[in-house]
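Enquirer: I would like the entire structure built from these sequences, with the hints used as guidance.
First to last, the protein sequences are chains A and B.
To convert a position in the first sequence, counted from 1, into this note's numbering, add 677.
To convert a position in the second sequence, counted from 1, into this note's numbering, add 145.
These are calculated hints, taken from the structure and not from any lab test.
Please note that a few of the clues may not be correct.
Here are the simulated DSBU-like pairs of lysine-lysine, each with C-alpha atoms no more than 35 Å apart in a straight line [stated by the list, open to error]:
#1 A:Lys780 with B:Lys301
#2 B:Lys177 with A:Lys780
#3 A:Lys895 with A:Lys831
#4 A:Lys937 with A:Lys868
#5 B:Lys265 with A:Lys831
#6 B:Lys273 with A:Lys903
#7 B:Lys581 with A:Lys750
#8 B:Lys273 with A:Lys750
#9 A:Lys924 with A:Lys937
#10 A:Lys895 with A:Lys750
#11 B:Lys234 with A:Lys831
#12 B:Lys273 with A:Lys937
#13 A:Lys868 with A:Lys895
#14 A:Lys921 with A:Lys903
#15 A:Lys750 with A:Lys704
#16 A:Lys903 with B:Lys177
#17 A:Lys704 with B:Lys301
Listed below, chain by chain, are the residues.
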Amino acid sequence: MKIKTIILKTALALAVFLGTSASGLAKLNVVATTSDLGSIAHEIGGDLIQVTVLAKPMEDVHFVDPKPSYVVKLAHADVLLEGGAELEIGWLPPLLEGARNQKLGAGQPGRVGCAEGLSLLEVPALLDRSQGDLHAAGNPHFLIDPVNARHAAKRIYSAFSEVDPAHRAGYRERLETFTRRLDEKLPAWQKALAPFSGRRVVAFHNSWPYFAQRFGLKIDLFLEPKPGIPPTPAHLAEVIDRMKAEKIGVIIVEPFQNRKTAETVANRTGAVLIDVTQYPGGIKGTEGGYIELMDYLVNTLANALSGKTR
Amino acid sequence: MKIGFSGSIFVLALLIPLVGNAGEVESANSAKEEIRQLQLRVEDLEKQLSESKPPAPAAPTMRAGSAYMNVSFDVLANLGWSSTPDAKKLQPGDHDPSQRGFSLRNAELALDGAVDPYLKGFANIVLKTDASDGTEIELEEAYLLSTSLPAGLQIKAGRFFAEFGRQNAQHPHTWAFVDEPLVLNRMFGSDGLRQNGVRFSWLAPTPNYLEFILGVFNGQGGDASSFRFLGETDANGVERVYGRATQDRPLDSVGDLLYVPRIASSFDLTDSQTLVLGASAAFGPNNTGGDARTAIYGADVYWKWKSPRAEGGWPFLTWQTEFLGRNFQAGADLTAGLPAETLHDWGLYSQIQWGWARRWTLGLRGEYVTGDGSASGEAAAERSTEARVSPDVTWYSSEFSKFRLQYNHEWREHAREGDAVWLQVEFMLGAHAAHKF
Chain A
678 MKIKTIILKT ALALAVFLGT SASGLAKLNV VATTSDLGSI AHEIGGDLIQ
728 VTVLAKPMED VHFVDPKPSY VVKLAHADVL LEGGAELEIG WLPPLLEGAR
778 NQKLGAGQPG RVGCAEGLSL LEVPALLDRS QGDLHAAGNP HFLIDPVNAR
828 HAAKRIYSAF SEVDPAHRAG YRERLETFTR RLDEKLPAWQ KALAPFSGRR
878 VVAFHNSWPY FAQRFGLKID LFLEPKPGIP PTPAHLAEVI DRMKAEKIGV
928 IIVEPFQNRK TAETVANRTG AVLIDVTQYP GGIKGTEGGY IELMDYLVNT
978 LANALSGKTR
Chain B
146 MKIGFSGSIF VLALLIPLVG NAGEVESANS AKEEIRQLQL RVEDLEKQLS
196 ESKPPAPAAP TMRAGSAYMN VSFDVLANLG WSSTPDAKKL QPGDHDPSQR
246 GFSLRNAELA LDGAVDPYLK GFANIVLKTD ASDGTEIELE EAYLLSTSLP
296 AGLQIKAGRF FAEFGRQNAQ HPHTWAFVDE PLVLNRMFGS DGLRQNGVRF
346 SWLAPTPNYL EFILGVFNGQ GGDASSFRFL GETDANGVER VYGRATQDRP
396 LDSVGDLLYV PRIASSFDLT DSQTLVLGAS AAFGPNNTGG DARTAIYGAD
446 VYWKWKSPRA EGGWPFLTWQ TEFLGRNFQA GADLTAGLPA ETLHDWGLYS
496 QIQWGWARRW TLGLRGEYVT GDGSASGEAA AERSTEARVS PDVTWYSSEF
546 SKFRLQYNHE WREHAREGDA VWLQVEFMLG AHAAHKF
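Expert: Laid out in structure tokens, this is it:
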């Protein structure tokens with residue numbers, strides 16, 4: 678008898694709990710793996726959605742800890758936005774396994790791989806780890822090209838309107854606004870970097886091929902000897918020689934990368950070291966969102982390349 | 146008690162979907178609204194058509210990251226020396242370095258993949274070389290995991306490590322030291338608590354992580370050494386556990402199965418600090434008497450700090466501690482002169498790992514395990530007090546290989562103090578490893 682009442686009471690408490698959480702579902706619950714996707718989701722969802730970003734903007738997105746709190750966030754999500762192309766391969770699979778959320782199963786409308794449908798760069802012909810930590814699907818840092826961001830925005834819009842059709846009109850209006858802003862901005866960004874077409878910039882890790890391609894730069898010399906392998910003195914000496922020989926004047930470094938190494942190379946070559954990020958919020962001045970991030974990158978690079986930073 | 150606990154979980158499990166369905170009363174859209182939606186869709190499609198460019202050139206399109214099955218092969222090889230000629234006396238774990246000189250106790254083939262839209266499958270097949278250089282094969286794990294149950298429920302079934310505490314369910318290549326903690330060997334035998342069975346789990350719909358787990362197993366053999374285990378054979382060919390001749394107890398009722406409940410929770414103290422707390426237990430009969438039972442209780446803590454600017458995962462600091470206690474009801478063995486009594490054992494280990502620079506970690510572990518309440522000399526020796534301290538240093542040449550140097554100093558109640566030094570090398574081929582927190 679007593680057990681029965683306990684079970685009944687527990688069931689009642691659960692019903693009340695689930696009831697209240699269901700009423701809170703008026704907003705679409707969106708989880709984005711990274712803050713660039715989170716910012717684009719916000720552009721399209723606005724007040725209709727609630728966005729949670731897993732990786733911190735300063736964090737190395739290849740090495741995010743799959744914390745149990747992320748399992749809970751994914752368990753409650755209606756939509757998951759991921760870059761895909763193995764960007765999150767080291768930490769997202771165990772989180773999804775723990776979250777056991779049917780809405781985020783492979784092929785569900787709530788599971789959005791933003792790289793899908795894009796032709797990625799640097800798809801390795803041969804998967805060989807002696808060449809470093811390669812990504813089988815190609816370079817996963819595609820969103821830093823505004824044209825790819827436009828593609829991702831469309832995919833995100835499609836997912837939102839499929840999962841939450843009642844607000845399709847609202848999502849579409851916001852998509853159009855965001856796309857229009859991107860389309861207006863892109864020629865200005867290209868113009869700002871046009872004077873430096875063909876110039877070479879040194880980066881720590883090979884995460885900039887899409888940006889380089891879009892803006893006519895060459896970002897193909899890295900402080901890392903191979904992807905994921907920390908810099909060695911011999912390799913750095915080679916980079917320094919090449920920088921001097923080719924008069925390369927700019928090094929870019931992301932918040933989680935070893936700035937000291939980059940500083941040493943900058944000091945030895947007289948190059949300018951500038952802080953960059955691919956994730957809104959990764960650096961002061963980029964918190965506003967994707968467009969503010971691109972503004973920051975283009976301005977900082979243009980200043981550095983024109984010698985104004987020196 | 147235990148049956149009542151598991152029973153109420155089942156009842157809850159049955160109730161939740163009902164409650165969920167009752168809440169999902171869909172508000173019917175008016176026809177007008179539906180037409181408006183369709184109009185918008187048509188407009189979208191028209192727009193897509195008008196915008197569609199000629200198909201992209203035959204550039205390499207995105208290749209799926211995984212095939213039907215992920216395959217990886219991981220090898221842990223050891224080189225070292227122990228002050229005791231029989232290194233196994235100091236290193237009771239089955240995957241520990243097992244002898245002076247070279248040893249290879251864990252070459253693991255791991256397979257995993259989606260079975261169908263409802264299930265995932267996993268298998269771990271371990272090869273290890275023994276003292277006579279033969280190769281043993283072990284089906285370490287082979288299980289399926291549900292992926293589409295509602296209401297936060299999940300079922301695991303097959304052969305797998307019981308989710309008791311933190312380390313028991315982890316594979317050796319993810320351990321912070323080359324060997325298994327002594328207290329786990331005392332409670333679960335040389336190879337951890339690993340059985341055929343089924344595990345139910347419920348992720349509570351709470352704002353903080355809260356998971357309830359119940360494992361149900363056969364509880365037999367050396368991989369459940371505190372339960373229905375026949376023990377080692379003595380000089381007269383009699384199988385004994387803690388001095389008592391054992392008898393094989395078949396399963397008479399569901400109460401004779403091994404039940405392993407666990408509750409785990411976690412809190413993000415700050416953006417860079419996470420705490421995981423857990424409590425586990427294991428209840429089942431043992432083979433020393435007709436109604437002899439064993440109960441094991443455990444508590445575990447894991448804390449991790451990782452720099453908000455971590456590069457490749459470094460720098461970080463972790464602290465992990467597990468406490469286990471056991472009440473083993475030993476039956477009387479009058480021929481051996483042993484009364485019926487309850488043997489109490491308890492122990493703990495506590496370890497920190499400091500990843501101070503990229504690719505490098507320093508570790509320090511302290512351990513203690515003890516037992517009381519035994520009348521038999523032999524049983525007392527098996528359950529004597531032991532303590533061990535182990536510093537280690539590890540260099541990760543990449544995510545897929547590491548080199549670890551560890552020193553052990555051990556104090557033993559009925560034997561001389563022991564020392565051991567081990568160098569372990571790991572390499573992994575194949576699928577990218579993704580580890581749980």
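Enquirer: Does each hint hold? Answer for all of them.
Expert: Comparing the hints with the structure gives:
no.	hint	in the structure
1	A:Lys780 with B:Lys301	20 Å, holds
2	B:Lys177 with A:Lys780	28 Å, holds
3	A:Lys895 with A:Lys831	29 Å, holds
4	A:Lys937 with A:Lys868	33 Å, holds
5	B:Lys265 with A:Lys831	31 Å, holds
6	B:Lys273 with A:Lys903	34 Å, holds
7	B:Lys581 with A:Lys750	16 Å, holds
8	B:Lys273 with A:Lys750	40 Å, violated
9	A:Lys924 with A:Lys937	21 Å, holds
10	A:Lys895 with A:Lys750	39 Å, violated
11	B:Lys234 with A:Lys831	64 Å, violated
12	B:Lys273 with A:Lys937	44 Å, violated
13	A:Lys868 with A:Lys895	16 Å, holds
14	A:Lys921 with A:Lys903	21 Å, holds
15	A:Lys750 with A:Lys704	15 Å, holds
16	A:Lys903 with B:Lys177	59 Å, violated
17	A:Lys704 with B:Lys301	33 Å, holds
Hints 8, 10, 11, 12 and 16 from the earlier list are contradicted by this structure; the remaining hints agree with it.
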